[in-house]
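Peer 1: The whole structure should be built from the sequences, with the hints applied where relevant.
Chain residues, written in single-letter form:
Number of protein chains: 2
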Amino acid sequence: MTETSEYTPPKVWVWNKANGGQFASINRPIAGPTHDKDLPVGKHPLQLYSLATPNGQKVTIMLEELLALGHKGAEYDAWLIKIGDGDQFSSGFVEVNPNSKIPALMDRSGPKPVRVFESGSILFYLAEKFGAFLPTDPATRAECMSWLFWQMGSAPYLGGGFGHFYAYAPTKIEYAIDRFAMETKRQLDVLDRRLAESRYLSGNDYTIADMAVMPWYGGLAKGWQYGAGEFLAVHEYKNVLRWADEILARPAVKRGRMVNRISGDPSEQLHERHDANDFETKTQDKLAVQS
Amino acid sequence: MTETSEYTPPKVWVWNKANGGQFASINRPIAGPTHDKDLPVGKHPLQLYSLATPNGQKVTIMLEELLALGHKGAEYDAWLIKIGDGDQFSSGFVEVNPNSKIPALMDRSGPKPVRVFESGSILFYLAEKFGAFLPTDPATRAECMSWLFWQMGSAPYLGGGFGHFYAYAPTKIEYAIDRFAMETKRQLDVLDRRLAESRYLSGNDYTIADMAVMPWYGGLAKGWQYGAGEFLAVHEYKNVLRWADEILARPAVKRGRMVNRISGDPSEQLHERHDANDFETKTQDKLAVQS
Numbered sequence: 040m041t042e043t044s045e046y047t048p049p050k051v052w053v054w055n056k057a058n059g060g061q062f063a064s065i066n067r068p069i070a071g072p073t074h075d076k077d078l079p080v081g082k083h084p085l086q087l088y089s090l091a092t093p094n095g096q097k098v099t100i101m102l103e104e105l106l107a108l109g110h111k112g113a114e115y116d117a118w119l120i121k122i123g124d125g126d127q128f129s130s131g132f133v134e135v136n137p138n139s140k141i142p143a144l145m146d147r148s149g150p151k152p153v154r155v156f157e158s159g160s161i162l163f164y165l166a167e168k169f170g171a172f173l174p175t176d177p178a179t180r181a182e183c184m185s186w187l188f189w190q191m192g193s194a195p196y197l198g199g200g201f202g203h204f205y206a207y208a209p210t211k212i213e214y215a216i217d218r219f220a221m222e223t224k225r226q227l228d229v230l231d232r233r234l235a236e237s238r239y240l241s242g243n244d245y246t247i248a249d250m251a252v253m254p255w256y257g258g259l260a261k262g263w264q265y266g267a268g269e270f271l272a273v274h275e276y277k278n279v280l281r282w283a284d285e286i287l288a289r290p291a292v293k294r295g296r297m298v299n300r301i302s303g304d305p306s307e308q309l310h311e312r313h314d315a316n317d318f319e320t321k322t323q324d325k326l327a328v329q330s
Numbered sequence: 040m041t042e043t044s045e046y047t048p049p050k051v052w053v054w055n056k057a058n059g060g061q062f063a064s065i066n067r068p069i070a071g072p073t074h075d076k077d078l079p080v081g082k083h084p085l086q087l088y089s090l091a092t093p094n095g096q097k098v099t100i101m102l103e104e105l106l107a108l109g110h111k112g113a114e115y116d117a118w119l120i121k122i123g124d125g126d127q128f129s130s131g132f133v134e135v136n137p138n139s140k141i142p143a144l145m146d147r148s149g150p151k152p153v154r155v156f157e158s159g160s161i162l163f164y165l166a167e168k169f170g171a172f173l174p175t176d177p178a179t180r181a182e183c184m185s186w187l188f189w190q191m192g193s194a195p196y197l198g199g200g201f202g203h204f205y206a207y208a209p210t211k212i213e214y215a216i217d218r219f220a221m222e223t224k225r226q227l228d229v230l231d232r233r234l235a236e237s238r239y240l241s242g243n244d245y246t247i248a249d250m251a252v253m254p255w256y257g258g259l260a261k262g263w264q265y266g267a268g269e270f271l272a273v274h275e276y277k278n279v280l281r282w283a284d285e286i287l288a289r290p291a292v293k294r295g296r297m298v299n300r301i302s303g304d305p306s307e308q309l310h311e312r313h314d315a316n317d318f319e320t321k322t323q324d325k326l327a328v329q330s
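These protein sequence lines map, in sequence, to chains A and B.
End of the first sequence sits at 330 in the numbering used here; the numbers just go up one at a time, nothing left out.
End of the second sequence sits at 330 in the numbering used here; the numbers just go up one at a time, nothing left out.
Keep in mind the hints are simulated off the structure, nothing from the lab.
Source: prediction; values computed, not measured.
Treat the hints with care, as some may be off.
If chains are identical, the list can't say which one is meant, so a pair holds when it fits in one copy or spans any two.
As the list claims (entries may be wrong) - Taking lysine-lysine pairs in the BS3-like style, the calculated list, with each CA pair at most 25 Å apart, reads:
(1) K211 to K56
(2) K50 to K261
(3) K277 to K261
(4) K168 to K293
(5) K121 to K111
(6) K121 to K321
(7) K121 to K82
(8) K261 to K211
(9) K50 to K277
(10) K111 to K321
(11) K76 to K261
(12) K82 to K50
(13) K293 to K277
(14) K111 to K82
(15) K82 to K321
(16) K293 to K121
Peer 2: Written as structure tokens, this is what we have:
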């Protein structure tokens, strides 16, 4: 494919299904369901429909952190949504999230089910419901929510911008890679400066802001995403790395990152999570492999 | 500029200041201030530093709605931040928003100032502070917050994706325009389906979710943004248009949209807002021009 300055967009955009690169089959210009299928419902109050992308990890980390704090009401079933297969376009999924993106949560603990979509909204919902990981002091609370919203508004430039054009688009388009690499580096520097002055994003305490930012920017700084560690010189962001390592060492984070994971080391993949003991089985698998 | 499939990114990305299109001068790969300058501080409890972009309008609409409800504590000074001139990189602005984007709010009503950044975070902060425009029933509250977060995570594809490549990039890149046009249309359809079943985004009541979504997607549906109305066939989204027209008719929304505006009809531009009477003066100007 060649892009030249002579290209002129048509008067009215037309859906060309041949375009789109690696994710062409799941990108559509229309919303709504493509097929009728109900979602499964398990035994716990919270039903999560997700996949272990950075957005998915945010919520499973939060749920595991809540359980580690002793909040039994945070028990959950985590069902796998294979976005490559179009599971997010089922009628059941669209009822929970009309935007057809993971993660989506249904809280069945009350008299009528409550749907919650968008990872940031789910983190906030759980934080408010359980009174945890969201400061109550006005200044620290504002700082936490500002960084949470910062993540939601910034990561599309990292994922849908840089990641797409650097790793997934059918051709390498220099202008687009350059534009989004610059913005991604700026975002990493924003975080690095904040984490030079503060242990966590909102202050001395670990909050939902850290849980939202770490899977995206911690993973990027660790060189895990898009094979772009060297390209973005991620070793420069030393405070991000210090903070990410501290969070990644938490047992609840280790568990949360395993849930709904379907790639990488098989002993780190817990395709679905329906019971706290599900992790034990995986740990035994791992020990058996290592011995 | 020609993009070919032979382009191979370098091992390590390098800042080429010649790239970047219309906004090259304000896009940087590093954060932090570029110059020392304090922000002005006016007489009111709330100090807003902003510009009447869609993100800026969200907050001035909210403040005008709060004042219309009788919340005198929502009195504010709105200072102009000219992002084309780099005002967002002053040391004073970076202290309020380390991400160097408008809008940024300083609440000086308490014993120590509270900074709030990211438009979604500011809307939430004000809603919580004044107990307004954010439902308290758990299901409706979750719906409101989900749509608020939806807007924050979706609009980068509209603004930083579609708008940039369709209207501002130095060359028209077919793949990028196509990718982001498809996603923008999908987002409009998500909203259109929701607004077919519900008067407002979270239900029967007008909330911060509507205030966040309307300046972006209402403006787009009205054909105001990027000259892209025909290209995106925005007339198809009839429920979005019905909802946008209803909101745009609100007096507080009309006032909010004027604040920090520096383009378009001069009688609609209130460069800075320091007093409720500032709008009256503009209305008199307009009547004088029309008579």
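Peer 1: Which hint numbers does the structure go against, in order from smallest to largest?
Peer 2: 5, 11 and 12
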